[in-house]
Every structure is written in C-alpha cells, then in structure tokens.
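**Student:** Sequence:
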Amino acid sequence: MANVEILDISKTLTDNENIVNKDQIEWAEAFVIIYSICDRNSFNLAQHYLKYISAIRGPVYVPIILLANKRDLEVGRQVSVDEGTTLALQFGSQFYEISAADSNLDRKRYDSCREKICKTSDIFMKN
34 MANVEILDIS
44 KTLTDNENIV
54 NKDQIEWAEA
64 FVIIYSICDR
74 NSFNLAQHYL
84 KYISAIRGPV
94 YVPIILLANK
104 RDLEVGRQVS
114 VDEGTTLALQ
124 FGSQFYEISA
134 ADSNLDRKRY
144 DSCREKICKT
154 SDIFMKN
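For the sequence shown, the numbering used here assigns the number 34 to the initial residue and increments by one for each residue that follows.
Calculated from the structure, these hints are not laboratory results. Careful, some of the hints might be misleading.
Claimed, not checked - Label pairs and their computed distance ranges (CB to CB):
no., residue 1, residue 2, range
1, V108, A88, 32 to 40 Å
2, W60, D115, 30 to 38 Å
3, K55, G125, 30 to 38 Å
4, E62, V108, 34 to 42 Å
5, S113, Y85, 22 to 30 Å
The beta-carbon is built from N, C-alpha and C at its ideal position, and this holds for glycine as well.
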C-alpha cells in the first residue's frame with residue numbers, strides 16, 4: 034500500500050522559488066509531473082522541477098512520469114509532442130499526452146502509470 038500526497042503548485046508559484054522542499058523530494062518514491070500543452074510556462078515549470086528532482090536525488094533512480102495535459106486542445110498547442118518526449122528522455126521518464134475530455138483512454142493511461150509506479154516501488158522496497 035502506498036501513501037499518496039498531491040502537491041499542486043500550479044496556483045501558488047509566482048517566481049522561480051522552489052516551493053517543494055528538499056525533504057519532500059528525498060522521501061518521495063515516485064513523481065508525476067503534469068503540464069498543459071497550451072501553456073509554455075507550465076512546461077518550463079515542469080522542466081524546472083525535473084532538474085530540481087534530479088539535482089536532489091542524484092544517481093538514485095526514482096520513477097517519474099511526465100504528463101502533457103489538454104491533448105484535445107490542439108488549436109492552442111504551445112508545446113510540441115517532440116518537446117515533451119525529448120524532456121522525458123532527458124530525465125529517464127515515461128511520457129504521455131492526455132486529455133480529461135477523453136476519460137476512457139485516460140483511465141487506461143492512469144492505470145498504466147499507477148502500475149508502473151507500483152512495480153518500481155515494489156522492486157525498491159524488496160531490495
């Protein structure tokens with residue numbers, strides 16, 4: 034059984050200050066970072082936090098899933114699929130584009146993400 038803590042920083046960050054402290058990064062067993070494909074700033078913030086996690090965790094592997102939200106709003110896209118894929122590869126993360134408007138498909142992706150995190154966490158808990 035896993036503890037889940039949701040830390041929504043989207044409404045509170047006004048500058049480059051890290052509102053997630055080092056202790057939170059160190060104890061977490063997995064991360065899901067979400068940005069909007071229609072908001073370049075949210076992508077930049079996701080990139081900032083991936084770098085922050087990497088700097089704190091160093092070579093210790095931790096599962097990270099990068100989710101690009103609002104896939105259904107292609108007209109307003111500011112962040113390409115390639116940019117998301119490249120960023121995820123840079124940090125060894127899983128990458129998915131999702132949309133709340135397509136709940137059936139996204140439920141499958143959610144289940145897949147949860148399964149990957151649980152499997153990885155189980156491996157580390159046994160070692």
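**Student:** A separate judgement is required for each hint: does it hold in the structure or not?
**Tutor:** Hint check:
| no. | hint | verdict |
| --- | --- | --- |
| 1 | V108 <-> A88: 32 to 40 Å | 36 Å, holds |
| 2 | W60 <-> D115: 30 to 38 Å | 33 Å, holds |
| 3 | K55 <-> G125: 30 to 38 Å | 21 Å, violated |
| 4 | E62 <-> V108: 34 to 42 Å | 37 Å, holds |
| 5 | S113 <-> Y85: 22 to 30 Å | 23 Å, holds |
In summary, the one numbered hint that this structure violates is 3.
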